[in-house]
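Undergrad: Between the sequences and the hints, there should be enough to build the whole structure, so can you do that?
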Amino acid sequence: MRGAEKSISFLWFVIFLGAVFGSLIGDILGSSLGILSFLRNSYSIGMSTPIVLNLKIMVLTLGLNFNINIMTIIGIIMAIILYRRC
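Residue 20 in the numbering used here sits at position 20 of the sequence shown, with consecutive numbering throughout.
Think of the hints as simulated: they come from the structure by calculation, not from any bench.
No residue lacks a Cβ here, since even glycine has one placed at the ideal position from N, Cα and C.
Please note that the accuracy of each hint is not assured.
[Unchecked claim] Here are the in silico distance ranges between beta carbons for each label pair:
| # | residue 1 | residue 2 | range |
| --- | --- | --- | --- |
| 1 | S9 | F66 | 16 to 22 Å |
| 2 | D27 | I81 | 19 to 25 Å |
| 3 | F16 | I51 | 20 to 26 Å |
| 4 | L33 | S9 | 33 to 39 Å |
| 5 | L62 | I15 | 20 to 26 Å |
| 6 | I57 | R84 | 47 to 53 Å |
| 7 | Y83 | D27 | 19 to 25 Å |
| 8 | Y83 | G46 | 35 to 41 Å |
| 9 | L11 | N67 | 17 to 23 Å |
| 10 | V20 | S48 | 41 to 47 Å |
TA: Take a look at the structure:
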C-alpha cells in the first residue's frame with residue numbers, strides 16, 4: 001500500500017490496534033515482572049459518569065473514557081512508524 005492507496009480510516013485502525021496491543025503488552029509485562037509494575041499505571045481521560053437520557057420508551061446512555069499508559073503511547077508510535085514504512 002503505497003501513496004494514494006493509504007486511507008485515513010486505515011491509519012486510524014492501525015493506531016487503534018497499536019494502542020490495544022501496547023496496552024495489552026504493558027499489562028502482561030507489568031503483572032509478570034515486578035520491576036516493570038509502573039507499566040500498569042494508567043491515566044483516565046473522559047467522563048467518570050455517563051450521560052443518561054430517559055425518553056420513556058428508550059434510555060440512551062452516552063459516555064467515553066480513555067485509559068492511557070506508557071505502553072499505549074509506545075504502541076501508537078510504533079503503529080504510526082509501521083504504517084509509514086508500508
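Undergrad: Does each hint fit the structure? Answer for all of them.
TA: Here is how each hint holds up against the structure:
1. Separated by about 20 Å at the C-beta atoms, S9 and F66 satisfy the suggested range of 16 to 22 Å.
2. D27 and I81 have their C-beta atoms about 22 Å apart, which keeps the hinted 19 to 25 Å range intact.
3. Range check, F16 to I51: Cβ separation about 24 Å, and the 20 to 26 Å hint holds.
4. Between L33 and S9 the beta carbon distance is about 36 Å. The supplied range of 33 to 39 Å therefore holds.
5. At roughly 23 Å, the beta-carbon separation of L62 and I15 lies within the given 20 to 26 Å, and the hint holds.
6. For I57 and R84, the Cβ-Cβ distance of about 49 Å falls inside the hinted range of 47 to 53 Å, so the restraint holds.
7. Between Y83 and D27 the Cβ separation comes to about 24 Å, which falls inside the hinted range of 19 to 25 Å.
8. In this structure the hint that Y83 and G46 lie 35 to 41 Å apart at CB is violated, the actual value being about 25 Å.
9. At about 22 Å, the beta-carbon gap between L11 and N67 stays in the expected band of 17 to 23 Å.
10. Against the hinted window of 41 to 47 Å, the Cβ-Cβ separation of V20 and S48 comes to about 22 Å, which falls outside the hint.
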